[in-house]
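Visitor: Chain residues, written in single-letter form:
There are 2 protein chains.
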Amino acid sequence: MEPDTRTRILDAAEKLFVAHGLDATTLRMITAGAQANLAAVNYHFGSKEALIEAVFRRRLTWLNEQRIAALDAFEAEAKGAPLKPRQIVEAFFGVAIRMAADKGGGQSFMRLLGRTYTEPTDFIRTFLAEEYAEVIARFNAAFFKALPDVPQEEFLWRFHFMMGALSYAISGADALRLLGPVDDSDPDVLYARLMSFLIGGLRAPLPALLPASQAKPAKKPRTRKAA
Amino acid sequence: MEPDTRTRILDAAEKLFVAHGLDATTLRMITAGAQANLAAVNYHFGSKEALIEAVFRRRLTWLNEQRIAALDAFEAEAKGAPLKPRQIVEAFFGVAIRMAADKGGGQSFMRLLGRTYTEPTDFIRTFLAEEYAEVIARFNAAFFKALPDVPQEEFLWRFHFMMGALSYAISGADALRLLGPVDDSDPDVLYARLMSFLIGGLRAPLPALLPASQAKPAKKPRTRKAA
DNA sequence: GTCAGTTTAAAACGCTTGTTTGAATTTTGA
DNA sequence: TCAAAATTCAAACAAGCGTTTTAAACTGAC
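Residue numbers (the working numbering), protein chains in the order written: chain A, 1 to 227; chain B, 228 to 454.
Note that these hints are calculated values from the structure, not bench results. Incorrect hints may have been included.
[Claimed, not checked] Among the chain B residues that face chain A by a calculated CB cut under 8 Å, a handful are:
| # | residue |
| --- | --- |
| 1 | Asp-250 |
| 2 | Leu-254 |
| 3 | Gly-307 |
| 4 | Pro-309 |
| 5 | Phe-424 |
| 6 | Leu-425 |
| 7 | Leu-433 |
[Stated by the list, open to error] Below, a list of computed lysine to aspartate or glutamate pairs in the DMTMM-like style, where the Cα atoms sit at most 20 Å apart:
| # | chain 1 | residue 1 | chain 2 | residue 2 |
| --- | --- | --- | --- | --- |
| 8 | A | Lys-48 | A | Asp-122 |
| 9 | A | Lys-15 | B | Glu-276 |
| 10 | B | Lys-242 | A | Glu-119 |
| 11 | A | Lys-15 | B | Asp-250 |
| 12 | A | Lys-103 | A | Asp-23 |
| 13 | A | Lys-15 | B | Glu-346 |
| 14 | B | Lys-372 | B | Glu-304 |
| 15 | A | Lys-145 | A | Asp-72 |
| 16 | B | Lys-242 | A | Asp-23 |
| 17 | A | Lys-15 | A | Glu-130 |
| 18 | A | Lys-48 | B | Glu-304 |
| 19 | B | Lys-242 | A | Asp-122 |
| 20 | B | Lys-275 | A | Asp-23 |
Where is the CB? At the ideal position from N, CA and C, for every residue including glycine.
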């Protein structure tokens, strides 16, 4: 059974946005790919901007619900005790990686999302901020409970770094391939690679925030300062 | 002394590309910002694509020369002995962070570069691949010498993850600010934060490439830890 | 079969884009 | 000083954009 026009447009737009970017993808490309008339986009969505939002919302809402559900599951299991940092990372990034491994559309969407997160366009930034507000608040709280000694701002930065690594992990296999032969065929392997890296970064010792342009202590004592 | 038209165009284009992206920045915006005539871009550069390349080449060539110089300095100091991973990371990412801290143009350029690295446009991808080829080869070799037990591919991935973290560190302070109050005014602090995170991720234990979810034969049976 | 409501179709709209033109102006070199 | 070269300028170009319009083709309920 052929999906209806609206769905075909969403699918075609998603793929084209990944391949060419938001601006470079024209409505004519989209409607051609969806085998629909040019006017169909404005009929079903109202405008190109609204279509972009619809493309993102379709996947992103579900993705963040999954993230919160994963966090809920861990917290229920912990019965009030703080979670392990590894569990928090797993709940947030594991879900994303798994969605990125889904060949049925999720893959191309995640590549788009990672690239769009730093997009300067206003309406996208505000839209993403709204979509992410709740999930970030939840994970921020969970992390603060798990590691009360780590300053909130330090966590935000590390979370941000992790988002960057995730973004490149998902969207940048092509860029990586320019540097040498790599294999990104197995999502489980990518997942293991990224998780190892993320946990390592998250648990790194807190930086000595002195304006020290000179030598810093190369190694810290094995006290678990950061994580 | 007023810079000549060509330079004014490069400066204006760089700032506008950062603020609005490559596509969304029009030649009319650029020439207006440079106080030049619309035709000046095509006269001095030939086309908008050529202007984009010129904007990138002006900074990127110098940046990668600095990176290689930093690596040379460390290797001269080591007198043939392998470098410490920390030094390799410092040579590559430290230079970038320092350039990102430079208010005199370097800052805005680095925000642009980080965002562009995952750009899907063909001519940019091939251009960046050329510009990066030498420096990547050098750093890849240095890292392999330092940590011969870490598979090349694993290093490439971790390098890629680090690039993602760097990219977000530089270009994404605005995005981060949507999640909570952060302070990115002191580049030394950002440098310390990112370096700590990167080293932590780089030195993380190698992932057990056996997928935990289901039984799937790992590609390389390797149990040793990284770094 | 009829008819309202929904969806598709083809064509054109106004506008902006990068680029080109050809003349005016400034700069250069002997 | 003066012609030649380099640069700037205003204006126009064709092409492509997102959007709108108007009519035709469906769809399901009665």
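Visitor: If a hint holds in the structure, say so; if it doesn't, say that too.
Guide: Hint-by-hint comparison with the structure:
| no. | hint | verdict |
| --- | --- | --- |
| 1 | Asp-250 | holds, 4 Å |
| 2 | Leu-254 | violated, 15 Å |
| 3 | Gly-307 | violated, 21 Å |
| 4 | Pro-309 | violated, 15 Å |
| 5 | Phe-424 | holds, 4 Å |
| 6 | Leu-425 | holds, 7 Å |
| 7 | Leu-433 | holds, 7 Å |
| 8 | A:Lys-48 <-> A:Asp-122 | holds, 15 Å |
| 9 | A:Lys-15 <-> B:Glu-276 | violated, 24 Å |
| 10 | B:Lys-242 <-> A:Glu-119 | holds, 15 Å |
| 11 | A:Lys-15 <-> B:Asp-250 | holds, 19 Å |
| 12 | A:Lys-103 <-> A:Asp-23 | violated, 25 Å |
| 13 | A:Lys-15 <-> B:Glu-346 | holds, 15 Å |
| 14 | B:Lys-372 <-> B:Glu-304 | holds, 15 Å |
| 15 | A:Lys-145 <-> A:Asp-72 | holds, 14 Å |
| 16 | B:Lys-242 <-> A:Asp-23 | holds, 19 Å |
| 17 | A:Lys-15 <-> A:Glu-130 | violated, 24 Å |
| 18 | A:Lys-48 <-> B:Glu-304 | violated, 57 Å |
| 19 | B:Lys-242 <-> A:Asp-122 | holds, 17 Å |
| 20 | B:Lys-275 <-> A:Asp-23 | holds, 16 Å |
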